[in-house]
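Work out the full structure, taking the sequences as your base and the hints as a guide.
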Amino acid sequence: MRDLIEIRWHGRGGQGAKTAALLLADVAFNIGKNVQGFPEYGPERMGAPITAYNRISDNAIRVHSNIYDPDFVAVVDETLLHTVDVTKGLSEDGGILINTEKSKEEIIPLLNGYKGKVYTIDARKISEEALGKYFPNMPMLAAMVKITEVMDEERFISEMKASLEHKFAKKPEVLEGNMKALKAALEQVQ
Amino acid sequence: MMENKFNFKEIQERPERLAPGHRMCAGCGGTIAVRNVLKALHPGDKAVVGNATGCLEVSSFTYPYSSYEDSYIHSAFENAGATLAGAETAYKALKKRGKIKENYKFITFGGDGGTYDIGLQSLSGAMERGHDLVYVCYDNGAYMNTGIQRSSATPMYADTTTTPAGTQSNGKPQVRKDLVAVMAAHNIPYTAQTTFIGNMKDLYVKSEKAIYTEGPAFLNIMAPCPRGWRFEAADMAEICKLAVETCYWPLFEVENGKWIINYEPKNKLPIEDFLKKQGRFKHLFKKGNEDLIAQFQKEVDRRWEELKIKANA
Amino acid sequence: MAIKERMSGNEAVAYAIKQINPDVMPAFPITPSTELPQFVSNYIANGEIDTEFIPVESEHSSMSAAIGASAAGARTLTATSSCGLAYMWEVLYVAASDRLPIALALVNRGLTGPLNINCEHSDSMGARDSGWIQIYAENNQEAYDNFVMAYRIAEHKDVMLPIMACMDGFITSHAVENITLLEDDLVKNFVGEYHPEHYLLNKDEVMALGPYAVSNYCMEAKRAQAQAMMNAKQVILDVAKEFEEMSGRKYGLFEEYRLEDADYAVVAIGSACGTAKDAIDRLREKGVKAGLLKVRVFRPFPGKEMAEALANCKAIAIMDRCESYSANGGPLSAELGAALFKNKNQAEVLNIVYGLSGRDMTVEDFEKIYEDLADVAVNGVKEDSYRYVGVRE
Amino acid sequence: MLEDKFKTENIDETVRWQDLTPGLQIYESGSSRLFNTGEWRVNTPVVDFEKCKQCLLCVPYCPDSSIPVKDGKRLDFDYDHCKGCGICVGVCPFHAITMKEGK
Numbered sequence: 000m001r002d003l004i005e006i007r008w009h010g011r012g013g014q015g016a017k018t019a020a021l022l023l024a025d026v027a028f029n030i031g032k033n034v035q036g037f038p039e040y041g042p043e044r045m046g047a048p049i050t051a052y053n054r055i056s057d058n059a060i061r062v063h064s065n066i067y068d069p070d071f072v073a074v075v076d077e078t079l080l081h082t083v084d085v086t087k088g089l090s091e092d093g094g095i096l097i098n099t100e101k102s103k104e105e106i107i108p109l110l111n112g113y114k115g116k117v118y119t120i121d122a123r124k125i126s127e128e129a130l131g132k133y134f135p136n137m138p139m140l141a142a143m144v145k146i147t148e149v150m151d152e153e154r155f156i157s158e159m160k161a162s163l164e165h166k167f168a169k170k171p172e173v174l175e176g177n178m179k180a181l182k183a184a185l186e187q188v189q
Numbered sequence: 000m001m002e003n004k005f006n007f008k009e010i011q012e013r014p015e016r017l018a019p020g021h022r023m024c025a026g027c028g029g030t031i032a033v034r035n036v037l038k039a040l041h042p043g044d045k046a047v048v049g050n051a052t053g054c055l056e057v058s059s060f061t062y063p064y065s066s067y068e069d070s071y072i073h074s075a076f077e078n079a080g081a082t083l084a085g086a087e088t089a090y091k092a093l094k095k096r097g098k099i100k101e102n103y104k105f106i107t108f109g110g111d112g113g114t115y116d117i118g119l120q121s122l123s124g125a126m127e128r129g130h131d132l133v134y135v136c137y138d139n140g141a142y143m144n145t146g147i148q149r150s151s152a153t154p155m156y157a158d159t160t161t162t163p164a165g166t167q168s169n170g171k172p173q174v175r176k177d178l179v180a181v182m183a184a185h186n187i188p189y190t191a192q193t194t195f196i197g198n199m200k201d202l203y204v205k206s207e208k209a210i211y212t213e214g215p216a217f218l219n220i221m222a223p224c225p226r227g228w229r230f231e232a233a234d235m236a237e238i239c240k241l242a243v244e245t246c247y248w249p250l251f252e253v254e255n256g257k258w259i260i261n262y263e264p265k266n267k268l269p270i271e272d273f274l275k276k277q278g279r280f281k282h283l284f285k286k287g288n289e290d291l292i293a294q295f296q297k298e299v300d301r302r303w304e305e306l307k308i309k310a311n312a
Numbered sequence: 000m001a002i003k004e005r006m007s008g009n010e011a012v013a014y015a016i017k018q019i020n021p022d023v024m025p026a027f028p029i030t031p032s033t034e035l036p037q038f039v040s041n042y043i044a045n046g047e048i049d050t051e052f053i054p055v056e057s058e059h060s061s062m063s064a065a066i067g068a069s070a071a072g073a074r075t076l077t078a079t080s081s082c083g084l085a086y087m088w089e090v091l092y093v094a095a096s097d098r099l100p101i102a103l104a105l106v107n108r109g110l111t112g113p114l115n116i117n118c119e120h121s122d123s124m125g126a127r128d129s130g131w132i133q134i135y136a137e138n139n140q141e142a143y144d145n146f147v148m149a150y151r152i153a154e155h156k157d158v159m160l161p162i163m164a165c166m167d168g169f170i171t172s173h174a175v176e177n178i179t180l181l182e183d184d185l186v187k188n189f190v191g192e193y194h195p196e197h198y199l200l201n202k203d204e205v206m207a208l209g210p211y212a213v214s215n216y217c218m219e220a221k222r223a224q225a226q227a228m229m230n231a232k233q234v235i236l237d238v239a240k241e242f243e244e245m246s247g248r249k250y251g252l253f254e255e256y257r258l259e260d261a262d263y264a265v266v267a268i269g270s271a272c273g274t275a276k277d278a279i280d281r282l283r284e285k286g287v288k289a290g291l292l293k294v295r296v297f298r299p300f301p302g303k304e305m306a307e308a309l310a311n312c313k314a315i316a317i318m319d320r321c322e323s324y325s326a327n328g329g330p331l332s333a334e335l336g337a338a339l340f341k342n343k344n345q346a347e348v349l350n351i352v353y354g355l356s357g358r359d360m361t362v363e364d365f366e367k368i369y370e371d372l373a374d375v376a377v378n379g380v381k382e383d384s385y386r387y388v389g390v391r392e
Numbered sequence: 000m001l002e003d004k005f006k007t008e009n010i011d012e013t014v015r016w017q018d019l020t021p022g023l024q025i026y027e028s029g030s031s032r033l034f035n036t037g038e039w040r041v042n043t044p045v046v047d048f049e050k051c052k053q054c055l056l057c058v059p060y061c062p063d064s065s066i067p068v069k070d071g072k073r074l075d076f077d078y079d080h081c082k083g084c085g086i087c088v089g090v091c092p093f094h095a096i097t098m099k100e101g102k
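Residue numbers (numbering that gives the first Met the number 0), protein chains in the order written: chain A, 0 to 189; chain B, 0 to 312; chain C, 0 to 392; chain D, 0 to 102.
Honestly, I wouldn't trust all of these hints.
As the list claims (entries may be wrong) - Only some residues are given here: those of chain B computed to face chain C with a beta carbon under 8 Å:
#	residue
1	V47
2	E56
3	V57
4	Y67
5	I72
6	N78
7	A81
8	A86
9	K95
10	E101
11	Q120
12	S123
13	S151
14	G256
15	W258
16	Y262
To be verified - Counterexamples of contact, computed for chain D against chain C with all Cβ distances above 12 Å:
#	residue
17	N35
18	Q53
19	D75
FYI, nobody ran anything at the bench for these hints, they're computed from the structure. From the three backbone atoms N, C-alpha and C, an ideal C-beta is built for every residue, glycine too.
As structure tokens, this is what we get:
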């Protein structure tokens, strides 16, 4: 992993982009990293475009500004590609992850000529198959972990299992579904 | 709650809980209200007394002299409800944690300015949340502390310094706010209206009920202000009696949602009898203003009838 | 030993509240401090603490109920932001003049006009003369630590004043970051039990509070209150020392970052200071002698101490995350400027307004400020020293 | 124990700031008794105990708590505090109280 990774999340209010950023901070913290996870706040309501951020580092993080030149970007809702400049400031050494059922070839022309790596994942399909509902967070989280190389996949799976076991102690089926979604995402992100 | 027998002599002999030496005006009705409410505390029971800014506050705790036998707190004009609610909650917290063993009652006083107007929100909040406290309004029908400006408790046509009677004005254009009904609408266990009548039994009994009812209670006490109403202090008892006998100020209570009229005059007196004693209504008795008195009478009648319907009387 | 965690500033302060388990908390929700009463309500609902929570109908009542509760002898706190603090304004003065050691967790947000929910210090700065101690945090760690220290300062017999522990809205309150927490027992022992000397519910002594005082008493009362604020300075340092022994984390009235040999200094409050530190490290690598003075305690105001710490600087940027519409800069500029003059500091000074209503402040913004400082150090302040950073012009 | 300097009787307008009670709090019951409002009086109520039937009706109407009661009987007025408002005159059913001009 690089010394400092900066990530920007794009989503819509209510879809869980903020939650995904906080989850990523959580898992990174769990393996001993210094983390930041924060949303950009405004009076946005359900459905409005929102932004959230992560910083992950081995060193203490002191900076408290937003992130303008992220290493990675995650787009939780592909419809944002038409209205939000998601690659703005994005490092070409980094990459962008988009939740879509479309192919990479279909997506790339929508990215304002971005030259870095482009990843896609069909979080809806994964989520619906694993959980029976559309919760894009878990697949997006797993995919971001893989892309950013914040930690290795095995460690990620074991950390998530431990934390979800605690959270869903009384709902084993939810635990199982989430774990399934995470693993599927690690496999399917491309 | 259990009603105790009203023993007038025993009550008068109880230790005074509002000490003399306060600086209220000579003949102040507000002070009569406070003294008598505090007399309803059973001897030996502890209390915390609260107070909104107003005549009472600036005169009864003028540093370094406190007129209160009990612990006392004043913080501002519009927050007597919230301030005492805080003290009452502290009592609950400290009692729960075993830091306090004694029992305390919580009683707070405000004038109509601090109660009907600027402090209404704070009062409403305290009542709605169910704190075990009594809020007593000594209602003298105007902002007397600042010099007789109208309040929402000022009766129609009263001549005040912000509703002066003049060639283009008949005094206050609006009718009084019905605060007791507003308080009753909070569905609190006890609310009542009273004034100084006879041997003060009505005031005593209601104060005792209010203090010893669990949960929030509200008392509205008409407390005439000789200076603001412009009458001779010696007529205090007479003015109060006329207020009740004309049904301008009915004695009633609302106990657990049940409206009860405590006194119905056999011969309801015309409102002129109440008005003509007071300088603030002098202009109503000028020739040509007869219709104003008729309007006033109509409003008194309307409210009395409405009250009777509520009380099913 | 120390507990490594990650949490937001609001979570961190709520955690401190849980460890302290105060007697009474009245509060009314307002963004971005709303989570605090929510967390406390949840702790109570699940039996983790037995604080009495009063869901008041407004912030005015929140502070009023806090006054009643504290006067009655309860360890009391509340939380608010922005307009909520403004609505308390009248009674903030009462709490202080009554000498009640209430703690207020303030999550800084700009005052309305226009309506906005983001970070600014106009709320607490508006209350700077209300008689409350004010301590500011750079991040979640400091927000937590400051709250753990708050009652020790406020309840000290030489002080007996209310205390406002401030953190930046959203930037600190809602950002999840690493934090080191203290064990419950340590915090409990450190904060201790509250034993007020005089209180309403004292069975052995009545108390009357909140008199009308004629002019011949009022001024003396205010003088005594001013003394309590002066006393607070030493108490804050003593408490910090004891806190350091327990936690290993050092606090003073302010923090100096690479200031000792600095030619150019920024003076600021709150979360932007962390960003400034990154800028300073970059500049130091290039040989620029940049430094920072981070104000932790604004009331009591450590003017002389700060002026002395800045004595060797050639140029200083005093940064206010707050407009005071004085046409002359913000409140920190005004007060520190006066302190520099009294101390006969020779530095050129810029009065900078930044970060209003959540306007972001980046490392690059700070680098530009240090550039400007280098310029004015040589050429003097040519244009107005009162400047905006980060505004479109 | 309450420090002597914090007792109401020792607080007056010559006391320096260091010696006033903190927050101007007062720790005594009914200390206003030390303040003589009787000086305000222009006219003075006088009770004729021959006519007084000890009904005590005057007692609750006194705004200045200046009609002491002992063993079921009212005593003479507390002239240290009575402001001479005359309410008691109007309340007495037996015309036992009259106002006298002056103190």
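Hints versus structure:
1. V47: Cβ of B:V47 sits 5 Å from chain C, so the hint holds.
2. E56: holds (7 Å)
3. V57: holds (4 Å)
4. Y67: At about 6 Å, which falls below the 8 Å cut-off, the nearest Cβ of chain C leaves the hint on B:Y67 intact, so it holds.
5. I72: holds (5 Å)
6. N78: holds (4 Å)
7. A81: At about 4 Å, which falls below the 8 Å cut-off, the nearest Cβ of chain C leaves the hint on B:A81 intact, so it holds.
8. A86: holds (4 Å)
9. K95: Constraint on B:K95 satisfied, holds at 7 Å.
10. E101: Holds - the Cβ of B:E101 comes within 8 Å of chain C, reaching about 5 Å at its closest.
11. Q120: holds (6 Å)
12. S123: At 7 Å from the nearest chain C Cβ, B:S123 passes the 8 Å test, so the hint holds.
13. S151: violated (19 Å)
14. G256: It is violated, given that the least Cβ distance between B:G256 and chain C is near 22 Å, above 8 Å.
15. W258: violated (26 Å)
16. Y262: violated (35 Å)
17. N35: Consistent with the label, D:N35 stays out of reach of chain C, its closest Cβ about 17 Å off (over 12 Å).
18. Q53: Non-interface label stands for D:Q53: nearest chain C Cβ at 32 Å, farther than 12 Å.
19. D75: The claim stands: D:D75 keeps its Cβ more than 12 Å from every Cβ of chain C (closest is about 29 Å).
The structure is inconsistent with the numbered hints 13, 14, 15 and 16, although it conforms to all the rest.
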